[in-house]
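Undergrad: Protein chains in written order, with the numbering used here: chain A, 1 to 132; chain B, 1001 to 1254.
Simulated from the structure, these hints should not be mistaken for laboratory data. The reader is advised that the hints may include incorrect statements.
Heads up, simulated DMTMM-like pairs for lysine to aspartate or glutamate below, C-alpha to C-alpha not over 25 Å straight-line [said to hold, decoys possible]:
(1) B:1251 - B:1112
(2) B:1036 - A:62
(3) B:1036 - B:1022
(4) B:1152 - A:48
(5) B:1055 - A:69
(6) B:1056 - A:31
(7) B:1251 - A:31
(8) B:1117 - A:31
(9) B:1055 - A:31
(10) B:1055 - A:62
(11) B:1056 - A:48
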Amino acid sequence: MTTAVQPAGGGGGVERPSASGLADVIDTILDKGLVLDAYVRVSLVGIELLTIDARVVIASVDTYLRFAEAVNRLEISNTEQKGLPDLLDDVTSGGAKSKTKGVLDAAGDKLKEFLNEDSSDSRERVRRGRDG
Amino acid sequence: MPAGKKPEHAVYIYGIVPSDVETTLDARGVGSPPAKVRTVARGDIAALVSLVDTKKPLGRPEDLTAHEALLDQTAAEAPVLPVRFGAVMTDEEAVVEELLSAHYEEFVTALEELEGKAEFVVRGRYELDAVLREMLAADEEVVRLRDAIRDKPEDATRNERMALGERIANAIAARREVDTQTVVQALTDVGGTVNVREPTHDEDAAHVACLIDLSAQHDLESAVDKIAREWVDRVNVRLLGPLAPYDFVVKTEV
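Chain A with its partners taken away, still in its complex shape (with noise of 0.2 Å):
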């Protein structure tokens, strides 16, 4: 077990991406909002969406089976480690961690790399004439 010594005023704080990342996005407007058919009827028009398949829904098995093998790995090196020194334990402990969350963050990251290039634009796309 390692101790994770805090620069002060550094690391550890909360994220404050400037624009939503693609997973984001779909977590939000896919199934939140104003449903505009309780509103209108007449005139709406129907539209082919693609966003069905963008969703990521992972099934209750792999789940069960992806917790197990992060439990089989995080053993694994916890026995490779035995008899090291300290020094040496703490940075092969780190490497271990590392490619571990790597192989479960991969779904979930996937999404969101599509977009890192509009992430950044966070130019004034609106503005309000009230007091103007």
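Given chain A's structure and the hints, the job is docking chain B onto it.
TA: Frame of chain A; chain B shown alone:
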């Protein structure tokens, strides 16, 4: 609209705003190339709209982010009623008559209630290894099952793996409930109205939407930052916003 024949263009709707909101020249919406966004007004309210090609499917990543980006940037400046992705009407006249005029008072009232407010979303994600180590230290059954699968092929230990995984998933769900409550309390304490979202990832620690006065944004950020520091190395915390109030608009009578 002539019956049986679908027109080539229709009007895509992003949201409803006070009519003193103006779009700027670089406001871009859904479609490829991105369509220019404009407002269609009726009295004190207006719809944010753009023309859309009815023959092309919508829903590319660029379409989704364009929809949300436009609404979120609006929310930082003015109240907005966000419409769910994918709403399309025949033409601007229909938007004015069937949508804005037909529900005028309802929209005016809702926009007045949202004046000066915006949504923020707090999202916590467990650092899985840290949580697993907590469980190994606290639950003998987890240790037993881990020993049962150790160094054995997946096929031969499927039942044990399923039992272990389920136990971990349940333990995460129990932690999520407690940690979500911590976030809810902190957001309520700084004056926010809270709506807890369903988790959308197995390792979600908290997923909470909050409607709050923009004047309290700094208090909110400090409160969430405090939680993030308390949870360092255990939960990764992100704060999104200001966003349009997606989680706080509902049609009451359908």
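Undergrad: Each hint: holds or not?
TA: Going through the hints against the structure:
For a cut-off of 25 Å, the pair hint linking residue 1251 of chain B to residue 1112 of chain B stands: about 16 Å separates their Cα positions. In summary, the hint linking residue 1036 of chain B to residue 62 of chain A is not supported, as the alpha carbons are separated by about 43 Å, beyond the 25 Å threshold. Only pairs whose Cα atoms come within 25 Å are accepted, and residue 1036 of chain B paired with residue 1022 of chain B is accepted, the gap being roughly 13 Å. A distance of roughly 48 Å separates the Cα atoms of residue 1152 of chain B and residue 48 of chain A; the hinted pair therefore is violated under the 25 Å criterion.
The hinted pair formed by residue 1055 of chain B and residue 69 of chain A fails the criterion: a straight-line CA distance of about 46 Å is larger than 25 Å. Between the alpha carbons of residue 1056 of chain B and residue 31 of chain A the distance comes to roughly 22 Å, so the proposed pair stays at or under 25 Å and holds. Our distance criterion of 25 Å between C-alpha atoms is met by residue 1251 of chain B and residue 31 of chain A, whose separation comes to about 14 Å. For the hint linking residue 1117 of chain B to residue 31 of chain A, the alpha-carbon distance of about 21 Å falls within 25 Å, and the restraint holds.
Distance hint between residue 1055 of chain B and residue 31 of chain A is fulfilled; the C-alpha atoms sit about 23 Å from each other, no more than 25 Å. For the hint pairing residue 1055 of chain B with residue 62 of chain A, the CA-to-CA distance comes to about 37 Å; that exceeds 25 Å, so the pair is violated. Distance restraint check for residue 1056 of chain B and residue 48 of chain A: the Cα-Cα separation of roughly 7 Å lies within the 25 Å cut-off, and the hinted pair is therefore satisfied.
Checked against the numbered hints listed earlier, the structure breaks hints 2, 4, 5 and 10; every other hint is satisfied.
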